[in-house]
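K.L.:
Chains as they are written, first to last, in the working numbering: chain B, 15 to 174; chain G, 15 to 174; chain C, 15 to 174.
It is possible that part of the hints are untrue.
Since the list gives no way to pick one copy over another, a pair counts as held whenever it fits inside one copy or between any two copies.
[Claimed, not checked] Heads up, simulated BS3-like pairs for lysine-lysine below, C-alpha to C-alpha not over 25 Å straight-line:
| hint | residue 1 | residue 2 |
| --- | --- | --- |
| 1 | K130 | K77 |
| 2 | K106 | K94 |
| 3 | K130 | K107 |
| 4 | K84 | K18 |
| 5 | K110 | K70 |
| 6 | K18 | K70 |
| 7 | K18 | K130 |
Everything labelled a hint here was simulated from the structure, so no lab data went into it. Note that this is a predicted model, so its numbers are computed, not measured.
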Amino acid sequence: MQNKEMLTLVIFSGDLDKLLAAFIIATGAAASGMQVNMFFTFWGLKLLQRADAGTKGLNWMQKLFSLFVKPGSERRPISKLNMFGMGAAMMKKIMKKSKMPTLGEMILTAKSLNVKLTACSTSMNILGISRESLIPEVEHVAGVASFLADSQQSHTTLFI
Amino acid sequence: MQNKEMLTLVIFSGDLDKLLAAFIIATGAAASGMQVNMFFTFWGLKLLQRADAGTKGLNWMQKLFSLFVKPGSERRPISKLNMFGMGAAMMKKIMKKSKMPTLGEMILTAKSLNVKLTACSTSMNILGISRESLIPEVEHVAGVASFLADSQQSHTTLFI
Amino acid sequence: MQNKEMLTLVIFSGDLDKLLAAFIIATGAAASGMQVNMFFTFWGLKLLQRADAGTKGLNWMQKLFSLFVKPGSERRPISKLNMFGMGAAMMKKIMKKSKMPTLGEMILTAKSLNVKLTACSTSMNILGISRESLIPEVEHVAGVASFLADSQQSHTTLFI
């Protein structure tokens, strides 16, 4: 049965601007009483990786990917005008001026509002991301079946 | 209650090709009798800005953003192969040849079909977009709560 | 009426990584018994084009587009770090190592699970893609009305 109070987000992107939009929607919904599920896949997983995640155990191709796409909430590029990080740095400064929380703070707020953060096991396999390299806020690692079950109960599911 | 006749679109992208897809879906749905809500956020807001919107009152970071991402329906880049505007110009020529309406015309069509155009207040704050710089077709400025209320009533909500 | 067992995906992107995510969701859903509709539009259509599709009958602008965005499942770029195809080649190698199916194999799996593959007629017109240049797995060519009818019956619709 579909639940009028459940929202599910697939977070495919690892870009700062899209992640901000996702967390503004997620925390807004959770604050108003909805159960919110965020299912992180592909580049979105980089947000959930510890900033000090190493590359041990990766094959050279996975190493190369992790060299170019840095882990952690502090190092997300923006989808437009990133200009080697300058655009992202500027957006973060603007957010600070507007007294907006950082991505890292938004993750904590989401957790405190019981947003369910799930890391996609298939993508972890492809990108060589281990369970240990994820931040402790991630409680669930699951595949597409888990996402489908959530979306089936949700009034809205977005792919971001 | 979910309404079989309501469609909500979050327009995050400011790219010509994605905006075309969004307006084709929106006007198609509205023409067939659905109530359609378009919620413009981040780069999507640039579509709703007047082409002559100045940069008065912006801090230097917001000015820099508005320098690179031009306002108005005529100056949208495309998501692939933009090549400093050449790709976008070509796509517009192809559309003209195919006798398709321009983005500007699609906004007017959407309005005439009672599509609700809402500008996201949080993004306006971040990007330094004032109410006065928006085109008159935008009647609503609202935050995430308004979007969530719409999506809860919609049979389909898309993030574009 | 909305159907708890129907899923609809709009495939706007032609990028390898997004297409993989789309087909993992689509085949996962179809394998668990859902009716799945994939509606391919804009760059997503390039996946459904035969690799040997020529440029006969195209105007020069459409030719230029098809020169830069190659047709077929083997030549999809990735959305990040494509680096003239190097990134895409690496991702395909990683997938092979992880014993994941290729995009071409995923299309066949989707077909065998009765996923409905529809090519968007409006986009075909814009990009100059003829019915004959599509792979035989595509059975349907339709416009936005067909997509809207599907999404109205689906518990989840994603724009990818």
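K.L.:
At most 25 Å between alpha carbons: which applies to K130 and K107, within, between, both or neither?
P.N.:
neither (29 Å within a copy, 32 Å between copies)
K.L.:
With identical chains, the pair K18 and K70 could be close in the same copy or across copies; at 25 Å between alpha carbons, which is it: within, between, both, or neither?
P.N.:
Answer is neither; intra-copy 44 Å and inter-copy 43 Å both fail.
K.L.:
Under a CA distance limit of 25 Å, which applies to K110 and K70: within one copy, between copies, both, or neither?
P.N.:
between (35 Å within a copy, 20 Å between copies)
K.L.:
Taking 25 Å as the upper bound on the Cα-Cα distance, should K106 and K94 be classified as within, between, both, or neither?
P.N.:
So K106 and K94 pass the 25 Å test inside a copy (14 Å) and across (21 Å) alike.
K.L.:
Using 25 Å as the alpha carbon limit, work out where K84 and K18 are close: within a copy, between copies, both or neither.
P.N.:
neither (37 Å within a copy, 39 Å between copies)
K.L.:
With identical chains treated as interchangeable, where does the CA-CA distance between K130 and K77 reach 25 Å or less: within a copy, between copies, both, or neither?
P.N.:
neither (29 Å within a copy, 37 Å between copies)
K.L.:
My question is about K18 and K130: at a cut-off of 25 Å on alpha-carbon distance, are they close within one copy, between copies, both, or neither?
P.N.:
both (17 Å within a copy, 22 Å between copies)
The structure fails to meet hints 1, 3, 4 and 6 from the earlier list, while all remaining hints are met.
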